[in-house]
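Asker: Each protein sequence line maps, in turn, to chains A, B and C.
Numbering-wise, the first sequence is residues 3 to 313 according to the working numbering.
Numbering-wise, the second sequence is residues 469 to 808 according to the working numbering.
Numbering-wise, the third sequence is residues 906 to 1415 according to the working numbering.
Please note that a few of the clues may not be correct.
[To be verified] Not the full set, but computed from the structure, chain A residues with beta-carbon under 7 angstroms of chain C:
(1) 171
(2) 175
(3) 181
(4) 185
(5) 221
(6) 223
[Said to hold, decoys possible] Below are the SDA-like pairs computed for lysine to any residue, each with C-alpha atoms no more than 25 angstroms apart in a straight line:
(7) C:1389 x C:1157
(8) B:592 x C:1171
(9) C:1052 x A:170
No wet-lab data here; the hints were simulated from the structure.
Backbone N, C-alpha and C define an ideal beta-carbon position, used for all residues, glycine too.
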Amino acid sequence: MNTVISFLEASIVAGTPLLFATLGELICEKVGNLNLGVEGMMLMGAVIGFMVGINTQSAMAAMMAAMVAGASGALIYAFLTISLRANQVVSGLTLTMFGTGFSSFIGKSLVGQVAPDAIKNFFKPIFLPVLGHIPFLGEILFRQDVFVYVGYITAILLGIYMYKTSQGLNLKAIGENPKCADAAGINITLYKYIHVLLAGALCGLGGAYLSLVYVPAWQENVTAGRGWIAVALVIFVSWNPYKALIGSYVFGGLDIIGFRLQGSSIHISQYLIDMLPYIITIVVMVVVSMKKSSKNSPPKALSVPYFREER
Amino acid sequence: MIRISSIVFALLLVAIFIALLGLNPMGVYSSMLKGAFGSAYSIRETIIKAIPLAITALGISVAFKMQFWNIGGEGQIIMGAFLSSYFALRFPELNSFLLLSIMALAGIIGGAIWAYIPAILKCKYGTNETIVTLMMNYIALKFITYLQYGPWKDPNAQGFPKISNFSENAILPDVFGINIGWIITIVLIIFMYIFMNYTKKGYEIAVLGESEKTALYAGINIKSTIVISMLLSGGLCGLAGMIQASAVSNTLSVQVSGGIGYTAIIVAWLSNLSSPLILMVSILFAALLEGGSFIQTAFGIPESVASIIQASILFFVLGSEFFIKYKLVKNNTSTLKEVA
Amino acid sequence: MEKNIPYIQVEDITKAFGKVIANNNVNLTVYGGEIHSLLGENGAGKSTLVNMLSGVYTPDSGSIYIHGKKINFTSPKDAINSGIGMIYQHFKLVDNMSAEENMIIGQNTGIFVNKKKIRNKLFDICSKYGIDIDLKKKICNMSVGEKQIVEILKVLYRGADILILDEPTTVFTPQEAEKLFNIMFKMKENGCAIIFISHKMDEVMKVSDRITILRKGETIETVNKYETSPEKLAELMVGKQVNLSIKRSKIDMGEEIIKVNNLTVKNEEAIEVIKGVTFNIHRGEVLGIAGIAGSGQKEICEAITGIQAIEQGEIIFQGENIVGKTPREIIKKGVSMSFVPEDRLGMGLVGAMDMVDNLLLKSYHNEKGVLLNKKPTAKRAKEIKENLSILTPDIHYPIKNLSGGNIQKILLGRELDSNPNLLIMAYPVRGLDINTCYTIYNLIDDERKKGVAILYIGEDLDALMQLCDRILVICDGKITGELKASEATKEKIGLLMGGKSEEREESSVV
């Protein structure tokens, strides 16, 4: 039983960077922009967060810096695709290319270094009173570090925002039918910029979690493709932040299962097990495409740039 | 004109960045040029780098013409390399011509199979090909890692996880000092040009790419067209993989594709899916890469700078599309008008 | 009609898109309590003008005054705030949301939505104007008429006293159009100013107080309804006298070419969209199908041509059942289909390609071998361009840049070129200028004389009655009635379109 609990606990930790990236890409797509630069933004956040963390010893400064880094990457993409109406797919791919190169470059001097103790302590697991005592669930959910709790809260806040507020309704309108939203008087450009930048900040945070808490050190390509899994996860959870919570943690579990099985009596090569998250993503995609319904569809105007004066 | 000025802008921006590093931008740029074209050796190296890029970009452009977003070039290269490596390692003593032909065929088949899977999923279930092909990249990569650390590990490598080198018979011969891949590339460019513009299949792919409904209306068999063009797409990538494994690395490793699958997408897009342009752009990108590795040794600038430069140029080209399509007209209020 | 300060005053407005001048020194005055129609052909500039009134476009020069105040709209929000409510031809509604939710978007109602307040306000408006609709229903589940009402409600909710309706009745039955007109009259009584855009002259004559005609981007004249007639209006629209009659040659109909027997078709969601449809067409006969858009017309066309899978039934073409055959096999049999969907370039043609490549679309596979020889087709392209007076810089010019009329001519040119036995046309004159319309009607009559069987799906009931020999009316996937052209009236057709069934006689061979 204890192994199950510890596995689930660890799954949440592993899934947290995925959660932030997924939530980010989710709101980005909801506003109609497909950003394939998630991997790049995560890496930018990871390296800048780590660098600031090493130099300032402050966790807060590091997180802030990571968010700014991710948002900066997103800004390039946003400017290109929103104001200059560039092709979203290529712009996103280029952002990933840029982010990878950028983080590799900046990180050159940081390779091998470990997160400073001050930060490590900040992210030590915190045992929540009362909640942490709930048998089974409490042990898994409420003995985590601050970042994980921020993850819970962010997902819930996003859910409330999207489904209960009028701004959330406007958001949905933009992604579904921008002409209609425009005719209704919504400032599409403003909404797009805000949400794309916010998405970048969240992705940057996700990346920083990897370099500051999860590993916790800087390695080249520390994200190892998680950004891409996040893009798939958004579809998997049907653009729903609540489902994103569950989906991210499930995939977090898949991520670590290879390592966990090593010590057990199951003798499969770690590398084959490493394939699992990707295979499962494909299976998920196939299943989702088999049962198409309007609840599970993407925003209708996804990846189409909006131009009011178009005849 | 606008495209060129955008590239110039990008270079300027990166020059500033380089200057901030305390280096002379002109010096760096001229070194890059020297590194790419300065000597017979560097020209050869540039062409060697351009070969897999061009072939892969050709493969990607077939898929893209059909609006099938094949992001899986990377994986298809790897699997092509894998299948051909199987034969290279299994029959090292076979007659070279025979062995290489088998390896080429295996490379094509390997890549084709890897592309067939997302194609059939799209046909049967309508599954989003962007994600599937992407995931297939990672699966392919992990598979090679598995082989490299496991069943195919070279016992003679003193515990270092690598796969054994190919025998002489399995290495592509050189022509004019460059592996024969360059001839293959030119042949393929011509072939693909004719295929896309003058054959029935090429016509069908173009129609399908424009609108599925129009393809149906014209009586085109959509499923078979998707499958055939993806087999072609993957096959080309797989061939590139075989060339890389055989001629460049002389073995199979996780680095066999080295990001070419992704760069090729950008090459294909920049070339507007046109075969002759693909050749030119591939050489350009290869020059950037080659120049990049040169300055790494010359100036200690890490290779990642090459991708930063590439990405910056791309950002500017992407942005400049806007100014080509729309003219900014100032009136009482400044508005944008579409250039008729 | 109050002759005070006009609600709308447009003075010398000019607007260009690139090289195309859409509005050239346009003038317009509309008062409160007036229904003012804007009449003109497609491309005359009507939509451009009203888009400037609603804040979507900004004028290049000239002035607009609303309620006497000069305005400078930079976005739709400004127009909404000035009391202008625009109801678009293509609905600006979010399908995935309910009617209620569509009311809320864009409003600054604070962070959380107060549904009760909104419902009350909506209820008041509905009672005032006699509107009856279920607000909780999702837009995607609504009929066209209901969607139209939601649009009107949206505009009234935002406090509009100026309404602009852009071709609102395009997809209505005559009865639904009546309902709309009644709401419009009520608004007029309440002092609203209404701009009504249409190209249907009978409607314009029915509802307007005054009419302004636009031609090629310029205001030609503003007339009083009682001082004009459809013929005079047509002449003003086109610039010269127009013969508004459609030729129908008297010929002997031949044998039956195609018989559709008990056809049933299911759509992607496994819902029956065609329910047991039976009809036939003879050589030299024009059979029309009338119905509200989406009643199954499209599916009938696609079923006959093999594009749509069939659940049950037979389609017997020249003695042979073609159910289950692929489109290619059917094309070979001479079922030439000129199918014009709403998105003209979405099915029949490839926009990015030139005329030659488009002409190849159905015949390319006939050539032997792998390569394409485009020379003979290029020659044919030049001939067709001559015959149909197609305006294009070159046969190698991408067709998506051409005007709607010319694109349509290319499509028709290709389809007629293959000398079909059966010609299926869906909305072939939609969105075309009057001259091209009548050119096409004449082409159809020529084909009739050649002995071709023609299936014609159209929305202009007058044209249907003049052009066709028989008219089938379809509603909700079923044929509700069949009328000989000589017996048909718009009222009869309208009722059948709305669902009232009639006894049918089997049409026998002449």
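Asker: Determine for every hint whether it applies to the structure shown.
Answerer: Results for each hint:
With its C-beta approaching chain C no nearer than about 6 angstroms, residue 171 of chain A sits inside the 7 angstroms limit, and its interface hint holds. A least Cβ separation of about 5 angstroms between residue 175 of chain A and chain C falls short of the 7 angstroms threshold, and the interface hint therefore holds. Taken as an interface hint, residue 181 of chain A checks out: its beta carbon lies about 6 angstroms from the nearest beta carbon of chain C, inside 7 angstroms. Among the interface hints, the one on residue 185 of chain A holds; its C-beta lies about 4 angstroms from the nearest C-beta in chain C, closer than the 7 angstroms criterion.
Against a cut-off of 7 angstroms between C-beta atoms, the interface hint on residue 221 of chain A is violated, since the closest Cβ of chain C lies about 42 angstroms away. Interface hint status for residue 223 of chain A: violated, as the beta-carbon distance to the closest one in chain C is roughly 39 angstroms, over 7 angstroms. In summary, the hint linking residue 1389 of chain C to residue 1157 of chain C is supported, as the alpha carbons are separated by about 15 angstroms, within the 25 angstroms threshold. Among the hinted pairs, residue 592 of chain B with residue 1171 of chain C is consistent with the structure: their alpha-carbon atoms are about 19 angstroms apart, no more than 25 angstroms.
As the CA atoms of residue 1052 of chain C and residue 170 of chain A are separated by approximately 23 angstroms, the hinted pair is consistent with the 25 angstroms bound.
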